[in-house]
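Now for the letters of each chain:
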Amino acid sequence: MKVATVVGTVVSTINHPLFDGHRLLICDIETPEGSLARTDAYTIAADLVDAGVGDTVLVLDEGSSARQLLDIETGPIRAVVVGIVDAWYDGG
Amino acid sequence: MQLGRVMGSVVATEKVVGLEGVKFLIVQPLDKHEVPRGRPVIAADAVAMAGPGELVYFVASREAAEALERRFVPVDHAICGIVDDVHLDDGTVGDST
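Chains as they are written, first to last, in my numbering: chain A, 1 to 92; chain B, 1 to 97.
A couple of the hints might just be wrong.
Looking from chain B toward chain A, a few residues come up when the C-beta cut is under 10 Å (computed) [as the list claims (entries may be wrong)]:
1. Val10
2. Ala12
3. Ile79
Stretches of chain A that chain B covers, calculated by requiring three or more beta carbons in the stretch to come under 8 Å of a beta carbon on chain B [stated by the list, open to error]:
4. 44 to 58
5. 65 to 78
6. 82 to 90
Derived SDA-like pairs (lysine to any residue); straight-line CA-CA distance at most 20 Å [stated by the list, open to error]:
7. A:Lys2 with B:Val73
8. B:Lys15 with A:Ile14
9. B:Lys23 with A:Lys2
10. B:Lys23 with B:His87
11. A:Lys2 with B:Asp31
Worth flagging that the hints you see were computed from the coordinates, not collected in a lab. The beta-carbon is built from N, C-alpha and C at its ideal position, and this holds for glycine as well.
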């Protein structure tokens, strides 16, 4: 899993039916070193925990687990937001 | 998943079994500000409605092979949706036009 900051949303009407009912969040992946410095890396993840812009979240970027969470056997889903981070401690 | 801009299409008559009727599009990956990043990829159109110029989001790797009607066909990028709007927290609003 990765720690990320939600920086935006993607609105889509015409999409794969799997994404119906799931908000898509633009998540800036955070670096493990030092502070929460934003990196250039981002991913669009389906929201499972009602996260919002500005939240620090846990992003699971792995397809089998994502499908297990949605209780489906097949589908093009990979990145999902699975938690909202209250705090994280670097080195402590 | 990443944002991408459809740049064109690819036509292939002879294809692997399972890819019949699948539309292939040339997609330029974008960063979150819709600025091109990296090299274009060929993506299968899983929504069957995307066209040149459109802003889309696409999935890569194994999950792309699960996007189409027939499961586990040999594709490595698949378009999963057409983007209406991108809202960023800096107030930026982009759209597909």
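We went through each hint and held it up to the structure:
1. Val10: Interface hint status for Val10 of chain B: violated (20 Å vs cutoff 10 Å).
2. Ala12: Status violated, d = 21 Å.
3. Ile79: holds (9 Å)
4. 44 to 58: holds (count 4)
5. 65 to 78: holds (count 5)
6. 82 to 90: Per the Cβ count (0), the hint is violated.
7. A:Lys2 with B:Val73: violated (29 Å)
8. B:Lys15 with A:Ile14: Answer violated: Lys15 of chain B to Ile14 of chain A is near 27 Å, above 20 Å.
9. B:Lys23 with A:Lys2: Between Lys23 of chain B and Lys2 of chain A the Cα gap is close to 33 Å, so the pair fails against 20 Å, i.e. violated.
10. B:Lys23 with B:His87: Between Lys23 of chain B and His87 of chain B the Cα gap is close to 29 Å, so the pair fails against 20 Å, i.e. violated.
11. A:Lys2 with B:Asp31: holds (19 Å)
Taken one by one, the earlier hints fail for this structure at numbers 1, 2, 6, 7, 8, 9, 10, listed in ascending order.
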